[in-house]
Amino acid sequence: MTVQTAFDKARAEDRAALVGYLPAAFPSREGGIRAVTAMVEAGCDVIEIGLPYSDPMMDGPTIQDAVHHALVGGARVADVFAAVEAVAATGVPALVMTYWNPVDRYGVEAFARDLASAGGSGLITPDLTPEEAGPWVEASDAHDLDRVFLVALSSTDERIDKITRLSRGFVYAASLMGVTGARTAVDTGAPRLVERTRAAIAAQGRDLPVGLGLGVGDGRQAAEVAGFADGVIVGSAFVRRLLDGSTLEEGLADLRELTADLAAGVRSGR
Amino acid sequence: MTIDAARGTSTPLPDSEGHFGIYGGRFAPEALMAALAELEREFAAAMADPAFTGELNDLLANYAGRPSLLTEAKRFAEHAGGARVLLKREDLNHTGSHKINNVLGQALLARRMGKRRLIAETGAGQHGVATATAAALLGLECTVFMGELDTERQALNVARMRMLGAAVVPVGTGSRTLKDACNEAFRDWVATVDHTHYCVGSTMGPHPFPTMVRDLQRVIGVEARAQVLELTGRLPDAVVACVGGGSNSMGAFHAFVPDEGVGLYGFEAAGDGIETGRHAATITGGSVGVIHGMRTYLLQDAEGQTIESHSISAGLDYPGVGPEHSWLHDSGRAVYAPITDAEAMEAFALLCRTEGVIPAIESAHALAGALKVGRELGPDAVVVVCLSGRGDKDMHTAAEYFGLMPAGEASA
Chain A
1 MTVQTAFDKA RAEDRAALVG YLPAAFPSRE GGIRAVTAMV EAGCDVIEIG LPYSDPMMDG
61 PTIQDAVHHA LVGGARVADV FAAVEAVAAT GVPALVMTYW NPVDRYGVEA FARDLASAGG
121 SGLITPDLTP EEAGPWVEAS DAHDLDRVFL VALSSTDERI DKITRLSRGF VYAASLMGVT
181 GARTAVDTGA PRLVERTRAA IAAQGRDLPV GLGLGVGDGR QAAEVAGFAD GVIVGSAFVR
241 RLLDGSTLEE GLADLRELTA DLAAGVRSGR
Chain B
271 MTIDAARGTS TPLPDSEGHF GIYGGRFAPE ALMAALAELE REFAAAMADP AFTGELNDLL
331 ANYAGRPSLL TEAKRFAEHA GGARVLLKRE DLNHTGSHKI NNVLGQALLA RRMGKRRLIA
391 ETGAGQHGVA TATAAALLGL ECTVFMGELD TERQALNVAR MRMLGAAVVP VGTGSRTLKD
451 ACNEAFRDWV ATVDHTHYCV GSTMGPHPFP TMVRDLQRVI GVEARAQVLE LTGRLPDAVV
511 ACVGGGSNSM GAFHAFVPDE GVGLYGFEAA GDGIETGRHA ATITGGSVGV IHGMRTYLLQ
571 DAEGQTIESH SISAGLDYPG VGPEHSWLHD SGRAVYAPIT DAEAMEAFAL LCRTEGVIPA
631 IESAHALAGA LKVGRELGPD AVVVVCLSGR GDKDMHTAAE YFGLMPAGEA SA
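Chains as they are written, first to last, in the numbering used here: chain A, 1 to 270; chain B, 271 to 682.
Hints in this document: simulated from the structure, not taken from any laboratory.
One or more hints might be untrue.
One side only, chain A facing chain B, incomplete, derived with CB under 10 Å [what the hints assert, rightly or not]:
hint : residue
1    : E131
2    : L153
3    : V179
4    : A182
Only some residues are given here: those of chain B computed to face chain A with a beta carbon under 10 Å [unchecked claim]:
hint : residue
5    : P337
6    : P476
7    : V560
8    : G574
A virtual CB, placed ideally from N, CA and C, is assigned to each residue, including glycine.
Isolated chain A (complex conformation) (with noise of 0.2 Å):
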């Protein structure tokens, strides 16, 4: 299934779809990818698989803390594939959201052919700008890979209408001036960020869908967003669960809870 279909079944069904994010190799190799299958059985629609990363500039605490702990335990680009190969099993969309050092190192046509070949969808590209994409363009256009590019709260029209042309998949739109991490309120510029997201794309004649992240942690927060947006993206209060959890299986369980919680909200906000 691709994000688009898994983006078109919720909005047949009149709800918002749920993406959920977790770092490669996090708590570790194996509990990782038990913990992606869980939140595909408990109800995300979209995965995001974190390419755990050195110099994580834009994550808060939370995520800082989950990607440390995967690379002190040797975290590789191949678990990230590995995580993704086991996402597509499910048949649930899953998309790489990665620093874009790595992928550079890697070689931008190297890694989009490895991630297709591994059944991902595409990748969210937090630090590489339009400007800066030229290779990743020609890469995704090869391997027919989604590019999951982000708009901001400051980002002018102009931006907007330049990040969406550019974007497949869906459009992630950031919903604080922030760093990631949960936050108890959602910013109340962000119904009309996702709002002119959609203005610049209806304008260019698509349909792309925008989904809204950064802050979102629980299923109240879930039905606000859904109220007003096509994805609900939720990351750190999932790694959470599995830093709480003083065992995997406690944190297992955890995170089920959140996923079930979260899928209601998106469920119950229109």
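Put chain B on the given structure of chain A with help from the hints.
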């Protein structure tokens, strides 16, 4: 010598998107793109505004103490193959290093843009001290991010920043040094960008920072070029500087780039030696990738994870380098070579004892390089060395290194 608004730069680089050849650019979160574009516009407007450059030049002259001296180091030169060695005395600036040149410009710009708060990353603490100083002078709030390891080895500078009213945030993640302080500063900035200016301390980061910092530091080379012409009647054979992120070196080099007969030499920190893997010599021992918003040489493993750098000098302990240096290296216009901790400390002691000048350990890398360049070029050569900072902050490290503490007083 002053910053000339009309000829802020003398080369066509970077291009409109901040590229020096394949290097530089903007690898930044979308949330910062509006602020980076605004900064680029506002800096260009400010540098074209005589009121702004007038105020900056006034501060450089009457607050920072510019122009800095060009001091001939005759006794030191005896160890450099007899070449004439001229020290560009950035150590004599207010706050003790070249960092103040950049910070005064950015702090004035921040105020002009209506920002009320400055943030900065710092390694040795020199940039943090300079930023705290400018913030105090202009009545701005200031927060400085510093790796925990660096707060320990540069404790005196932590106290200086706090005395000046800045908040110092020790960063305990990753290698607990400069790169992690940069990460934390970017994390702060993305959440505070409406009222905060990130005063980047070196010729690094996403466009326009590498260019802006270079343009604010190029006063070093502009002054040195005129001073050496006046003193010797000719251009120097070599300009020598240490390279961490690369701001004092870029500042020293830039005015000389069009002078083809002038050799440009950047000396990187080789720590325990390139072969040990424990070093910070990015160009010598690194490969091309993306870090902190720019494409450049960096220390990374086969999977693109940053390799932690090592140097006795906190100010050079950084796994990346400014993108313009990467370009100068590839183009062959500048030569980059490594200096080990041991070579730097030997040159540190030599300058102390031959000239009565205690250099920063960062600058001691340039001095060690100058000894090599002087010996290579011979007694007719004129070598300008950028003495980027003074060594007061390094006394603890030096005392331990040379065993100067009486028994029982040394601390770990």
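Here is what the structure says about each hint:
With 10 Å as the threshold, the beta carbon of E131 (chain A) comes within range of chain B, its nearest partner Cβ sitting at about 5 Å, so the hint holds. At about 7 Å, the closest approach between the beta carbon of L153 (chain A) and any beta carbon in chain B falls short of 10 Å, and the interface hint on this residue holds. Interface hint at V179 (chain A): satisfied, since its Cβ lies 5 Å from the closest Cβ of chain B, which is below the 10 Å cut-off. With a cut of 10 Å, the hint placing A182 (chain A) at the interface with chain B is violated, because the nearest CB-to-CB distance is about 15 Å.
Violation of the interface hint for P337 (chain B) is found here, the shortest Cβ-Cβ separation to chain A being roughly 37 Å, above the 10 Å cut-off. The closest approach between the C-beta of P476 (chain B) and any C-beta of chain A is roughly 9 Å, which is under the 10 Å cut-off, so the hint is satisfied. The beta carbon of V560 (chain B) is positioned within 10 Å of a beta carbon in chain A (closest approach about 4 Å), and the interface hint is therefore held. At about 3 Å, the closest approach between the beta carbon of G574 (chain B) and any beta carbon in chain A falls short of 10 Å, and the interface hint on this residue holds.
In this structure, the hints that do not hold are numbers 4, 5, in rising order.
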